[in-house]
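K.L.:
Below are the chains, spelled out letter by letter.
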Amino acid sequence: MYGLIHNALRSMVVQEHGEPLWQLILESMEIEADVFLSMRQYDDSTTLSLIAASAQATNMEVDAFLGSFGYYWLTVFAPKDYGPLLNLTGDDPFEFLRNLNSLHERISTSFLEFRPPVFSVKYISDECIELQYNSTRKGLTSFVEGILRGLPIMFNVTMVVELMERSAVQQGEQSLFRIMKVGAQRGRS
Amino acid sequence: MTANNVAHLLDGLFATCFTIDANLQVSNPTSTLKSYCPGIEPGKSLLDLFEVQRPVLVHGKMILKEHLNSLFLLVAQDHSIALRGQVVQLEGDKGYRFVGAPWLAWMSEYRPQVALKINDFPIFDSQLDQRFHVATQELMVKDLQKLTGELMQARDAADDANRMQTDLFAVMSHEMRTPLHGVISALSLVGNSDNEGEREQLVDVAQKSALGLLNVINYALDYSKIEAGRMKLDSVEFGIMELTRSVADINIGKAQEKGIELIMNVSADVPRYLNGDQDKLRQMLVNLTSNALKFTDSGRVVVSVGIDEFMNLELNAGQALIRFSVSDTGCGIPDKDLQNIFEPFWSKNGAANTDVGTGLGLKISKQLGKLMNADIMVTSQLGVGSAFSFTVALEIISRPSVKTLQFDSKALPNTLSGRVMIVDDNKTNLMLTEMILKKFGLEVKAVSSGQEAIDLASSIPFELILMDITMPGMDGIEAARQINQQMLTPPIVALTAHVQPEMIDDYLANGFKGYLRKPIEQLELIRELNLWLPAGKNTKPLSIEPSKLPVINHKTLERLNVQIGEINFVRVRRLYLDETKRRLSNLLAAWVRRDHDSLALEAHTLASSVSSFGCDDLAWRMNKIDKAIRAMDMSDVISYMKDIEKHAKESLNEVEAYVFKSSAS
Ligand code: HEM
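Protein sequence lines correspond, in order, to chains R and S. According to our numbering, the first sequence holds residues 71 to 259 in order. According to our numbering, the second sequence holds residues 1415 to 2079 in order.
Bear in mind the hints are in silico, worked out from the structure with no lab data behind them. You may find that some hints are simply not true.
[What the hints assert, rightly or not] Stretches of chain S that chain R covers, calculated by requiring three or more beta carbons in the stretch to come under 8 Å of a beta carbon on chain R:
#1 1560-1569
#2 1572-1580
#3 1727-1733
[To be verified] Heads up, incomplete: computed chain S residues facing chain R, CB under 8 Å, no partners named:
#4 S1522
#5 A1549
#6 L1553
[Stated by the list, open to error] Selected chain R positions facing chain S (in silico; Cβ < 8 Å):
#7 I75
#8 F106
#9 L156
#10 H174
We put the beta carbon where it would ideally sit given N, CA and C, even for glycine.
Chain R on its own, in the form it takes in the complex (with noise of 0.2 Å):
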């Protein structure tokens, strides 16, 4: 995936463990440079590796850890330094489901060989839409479902969160969250 992802990576371990740890990461997996270019395409091993190794260094499951690594893109990375971009996206979190494609399609153009994820949005009510994530990649269901838990805090909303199925597909992963809205809605944050 792209460096960008990888910064964001580094960027939560070592504001959460320190520099040190990064280090030792990079050194577990013989990586030398320790700076990976935003813009450039590195092959999926070396970011499926360095957040293998990034788990096991803070000793987390695979999952959990990528859970915390959507949830840190979301409310923490993103922002910084795509916020208008977020902000374009959706009002509230049903609007900002519906135009992640838009969103990911839009970034194809400056990122060449981009693979971007797929959503698909239904809705079951006013209040409660089912999401489906199907990606050319394998595992990073749980990096969704990190980032769904992550809505609530950018919009200043109450919601529930369900992964309701995972499935490996032929090249890939299928899954379907189920997000329901609760109480009173206030709005964006």
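For this one, chain R is given, so just place chain S with the ligand on it according to the hints.
P.N.:
The following block gives chain S with the ligand in isolation, referenced to the frame of chain R:
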């Protein structure tokens, strides 16, 4: 297509549209536009509603039909929104329609609080993409800045290392020139002097200077080894008293010269035998002591060894914390310099140190300490003195083994007899070794290549060959192999700087009988020569008790034969011969490796196994070797090891040749 239809189509593509008639009056805004800009009411003039930034109006006039290919940037007069787009002409005089999207750059700059939507921007409008691109490029710039920062750091570190090396080189050159000058001038004066006393003095000066030079070079080698991270920790058993004694031996000359007392103080509770890196400990102590002597003009230097009761270090079972300290009554070190003294080129006046012995010595000691997890501490008081100390965790050995044997060269004959060949491609080494060997009374033939050695060995008999390993063309190993194929071959001893166990095994496998480490040490040479050569005329030969026992004891063999039966005897004898030969080569290898523990063990085992097959003489010799090692008497060990292979062969041959003569037949 009707104008209405066209307008409808356009509105499907663009979120913010409105119609402008020939009088620049605005009508028909899309609902999205109305939601951002409620002031946009039909009938209002374009110029009243918007400040037109593009196209640039000439004299404040706007003629739409001239701007069908222009970019329009409109900012609402009430600053509710800014638009980016173009105008298209509607069919049949229906006027023009502005089509576009929010002007993202302007909005983000001046109205960031307005929540625009991703769908306000047509897919083909690249404003969003650009925005993302710019944001990401900013990240890239940050990444690259970080990268260049790191590269610059790496470059600076490399520069520093380079500078250090250049400094080191300068200091070393200076340091080497002084003693080298001493050697050269002393030697050139020797030639001109007829006075015996004066000559001796000059030779003494030359020798001291040469030793000084060797010292500097050794420092430099150690230093570069440490810098390259190639120093490894060793672990050997050693006696604490021997360690301190050797530190004293090395420094006592200097102390006496300056009239300073040198005191070794090992407290009673320190275990006598320890396991650790003796060489590195010695080097640290020697460095610290010679440093102390250097900065002390009167009084004393005390080296103390004690148990460290204060240090909080985790110990493994069977370890003790030993504290070493070297204190002096020297000039002391000012507080502000205390951190600098371990820097390689520090000197008291801040200039490059002109005394490598000090500059590098402390740094090396510090690094050696680090390897052993020991930090060197310094306390100092100006005019009173300084104390350097460190604490190491060392394993306690209750019963010392016999790795190092006492060695009194006087117990060995000081002249030997026989003819020795020495092979070395280095002419200087060749000449020096030849001179040393001649002093022992030996007849020496010196050659400088493997081929010459082979030729010479086939034409004259030798008692011993000393063979350099690394030589151009044919190396020593190949030469030894070829010599060993000849009829009568003398023992060949390797001369080599490579004495790692696996190298030594390699020499043995290639038919060498021993090795001497280069540069050759006197005692080692004596040991090796005595092993292979008989004592010289007029010299007391090695005083060993001659064996009074028969080579084989027929009674023992007969008894064995009767006990187990002839068929079994033949089989068991085969096993015995094989096993004994194997053990014998283990014994010889242990001897060559200077591994006296294994040597004693093998000798002990052999003593009992060979006596059960009636080899009384061999058993007796093995017992003597075992005892001599336990008594730590090197000259005795040498005496009994001498010719042990010959004696063993003799015994085994007799066992092999033994035929049972039944009394019945
Ligand atoms: C400004 C916001 C965002 C930016 C700039 C962004 C950018 C990216 C980038 C660069 C990748 C790497 C893809 C590749 O290298 O091929 C990625 C992957 C991904 N993004 Fe986003 N993203 C954003 C928001 C989100 C949000 C809100 C979600 C919500 C779920 C999301 C879900 C994912 C997922 C799941 C992947 C992994 C790719 C996969 O599943 O195959 N992203 N994104």
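K.L.:
Given R/F106 was flagged as interface, is its beta-carbon under 8 Å from a beta-carbon of chain S?
P.N.:
Since the shortest Cβ distance to chain S is 7 Å, the answer is holds.
K.L.:
Does S/A1549 pass the interface check with chain R, least Cβ-Cβ distance below 8 Å?
P.N.:
5 Å, holds
K.L.:
Examine the region 1572-1580 of chain S: at least three residues should have C-beta closer than 8 Å to a C-beta of chain R.
P.N.:
Violated - the region 1572-1580 of chain S has 0 residues with a Cβ nearer than 8 Å to chain R, which falls short of three.
K.L.:
Take the shortest C-beta to C-beta distance between S/S1522 and chain R; is it under 8 Å?
P.N.:
Result: holds, 6 Å to nearest chain R Cβ.
K.L.:
Would the hint on R/L156 stand, with a C-beta cut-off of 8 Å toward chain S?
P.N.:
Since chain S brings no Cβ nearer than about 10 Å to R/L156, farther than 8 Å, the hint is violated.
K.L.:
Checking C-beta pairs, does the region 1560-1569 of chain S have three or more residues closer than 8 Å to chain R?
P.N.:
holds (count 3)
K.L.:
Go through the hint on S/L1553 and say holds or violated, using the shortest Cβ distance to chain R against 8 Å.
P.N.:
Holds, about 4 Å.
K.L.:
Should the interface hint for R/H174 be scored as holding, given a Cβ-Cβ cut-off of 8 Å against chain S?
P.N.:
10 Å, violated
K.L.:
Tell me whether the statement that chain R covers the region 1727-1733 of chain S is true, taking a Cβ distance below 8 Å and needing three residues at minimum.
P.N.:
violated (count 0)
K.L.:
Just to be careful: measuring from the Cβ of R/I75 to every Cβ in chain S, is the smallest value less than 8 Å?
P.N.:
12 Å, violated
Violated hints, listed in ascending order, are 2, 3, 7, 9 and 10; each of the other numbered hints is respected by the structure.
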